[in-house]
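**Q** Residues per chain are reported as follows:
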Amino acid sequence: VITKSRRGTLSGNGSFVTEGGLHPETGQGIASDHWHQGAVAAEVDVDTATGKVTVRGLRAAVYAGTVVNPVNARMQIDGSVSFGLSHALFEQLLHDEGHPANSSLSEYAVAGLGDLPAVLEVSLIEDPDNPEVHGLGETCLPPVAPAIANAIADAVGIRLRDLPMTAERVLDALEESR
Amino acid sequence: MTDPAPTFPLRLRVNGRNHQVPVTADDTLLDVLRRELRYFSCRETCGLGLCGSCTVVVDGRAVSACLAPAFVQDGADVRTAEGLEDSDGLHPVQQAFVDEQAFQCSFCTPGFLMSVVAMLEDDGAPDPEQALTGHLCRCGSYRQIQAAVDRVVCERTRSAGCAGSPAHAADRSTPETEETR
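Read top to bottom, the protein sequences are chains A and B. One point on numbering: in our numbering, the residue at position 120 of the first sequence is 120, and numbering is uninterrupted. One point on numbering: in our numbering, the residue at position 14 of the second sequence is 14, and numbering is uninterrupted.
None of these hints come from the bench; they were simulated from the model. It is possible that some hints are incorrect.
[Claimed, not checked] Listed next, with one range per pair, are the computed distances between beta-carbon atoms:
# : chain 1 : residue 1 : chain 2 : residue 2 : range
1 : B       : Phe107    : A       : Thr9      : 52 to 58 Å
2 : B       : Phe8      : A       : Lys52     : 55 to 61 Å
3 : A       : Pro70     : B       : Ser87     : 42 to 48 Å
4 : A       : His99     : B       : Pro9      : 38 to 44 Å
5 : A       : Ala31     : B       : Phe107    : 56 to 62 Å
[Stated by the list, open to error] Chain B is nowhere near these chain A residues, computed Cβ spacing over 12 Å in every case:
#  : residue
6  : Asn72
7  : Arg74
8  : Ile77
9  : Gly84
10 : Gly114
11 : Leu116
[Stated by the list, open to error] Residues from chain B that keep clear of chain A, each with C-beta distances beyond 12 Å, as calculated:
#  : residue
12 : Thr2
13 : Ala5
14 : Leu37
15 : Thr133
Model, not experiment: these values are computed from the prediction. Glycine residues also receive a C-beta, built at the ideal position from the N, C-alpha and C atoms.
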């Protein structure tokens, strides 16, 4: 077992300016009125013999605007992280000539309690100067899969481009990289 | 056209009340509880015994009602989430779920409750992991559910350090120590 040691603090800064709005005459354009900002960092174990990915830790941060209901806001982000984990590692809808081929829970894996990482941290970042209230639904769902993929790349040097990152795909990619 | 399926009477005790209901050979316990007796806390999701949302306690054991054939339950003592509350208030497991806010949409909650109740009433040492493994929560409230179960197990076993349940503290994770092997 190789465990990479981690010391210190991981931090990052960035800016992203969105442009949007609807054309006054045609009504076409980007209809979103505000944008969600969420980031996730992941820590994984990759078993190079079996391809199994175990997520040890997920840390999520979200720019939350002004939080109205802290308990529910936190739970929503918690839930989005576990949903994202499920989507990153397990969930795959297969189609057979346009019909769902695995439409029951016996064929479609969903993350359960045992799949959650030992460390799951959520930070709601509020801006005291900005009283704006944001929608927080599933804000941290999209970054979970790329965070896990990056962690896998960092751990064993393979780039997975398909979801879910199943043991088979990890093994295949490991095989290819050899 | 086929004749309607023959029915026969099933005696069932649900939450302390005796019932006699007509069942067919392919009815499940879930069908009987929902259709005949209107106990809507047990809910069908997968119908395969994989999600846990239909869990009820039958003669002290947590059972997936969607898989349990009704006709073999004659004389069984069934408990559903409706029967947990008594005149003194919520059942300790329910109270722990409320205190930890261990639900968002709460569709899965009755199943979780009944598994935890069965676990606590079992003679052996409580094993929350085993009790909760067969349950899915699509809202992802697993950490709060875990916290609620830990709290109620802790209160039940009266071991030290029950009070500080960290589930809704601002930062509930413990600092992680890293090691190199």
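**Q** So, for every hint listed, does it hold in this structure?
**A** Going through the hints against the structure:
Between B:Phe107 and A:Thr9 the beta carbons are some 39 Å apart, a value that contradicts the proposed interval 52 to 58 Å. Between B:Phe8 and A:Lys52 the C-beta distance comes to about 49 Å, which lies outside the given range of 55 to 61 Å. Separation of A:Pro70 from B:Ser87 is about 34 Å and departs from the stated range, judged on CB atoms against 42 to 48 Å. One distance hint, 38 to 44 Å for the beta-carbon pair A:His99 and B:Pro9, holds here, with the actual separation near 41 Å.
For A:Ala31 and B:Phe107, the Cβ-Cβ distance of about 31 Å falls outside the hinted range of 56 to 62 Å, so the restraint is violated. The beta carbon of A:Asn72 is not kept farther than 12 Å from every beta carbon of chain B, the shortest such distance being approximately 8 Å. A beta-carbon of chain B comes within 12 Å of the beta-carbon of A:Arg74; the shortest separation is about 7 Å. Separation of A:Ile77 from chain B is inadequate, the least Cβ-Cβ distance of about 9 Å not exceeding the 12 Å criterion.
Remark: the non-interface label on A:Gly84 conflicts with the geometry, its nearest Cβ contact in chain B lying 9 Å away (cut-off 12 Å). Chain B draws A:Gly114 into its interface by the beta-carbon criterion, the shortest separation being 6 Å against a cut-off of 12 Å. Once the 12 Å rule is applied to beta carbons, A:Leu116 is inconsistent with being away from chain B; the minimum gap is 5 Å. For B:Thr2, the non-interface assignment is confirmed: its Cβ lies about 27 Å from the closest Cβ of chain A, beyond the 12 Å cut-off.
Remark: the non-interface label on B:Ala5 is consistent with the geometry, its nearest Cβ contact in chain A lying 25 Å away (cut-off 12 Å). The claim that B:Leu37 lies off the interface holds: its Cβ sits roughly 26 Å from the closest Cβ of chain A, which is beyond the 12 Å cut-off. For B:Thr133, the non-interface assignment is contradicted: its Cβ lies about 6 Å from the closest Cβ of chain A, within the 12 Å cut-off.
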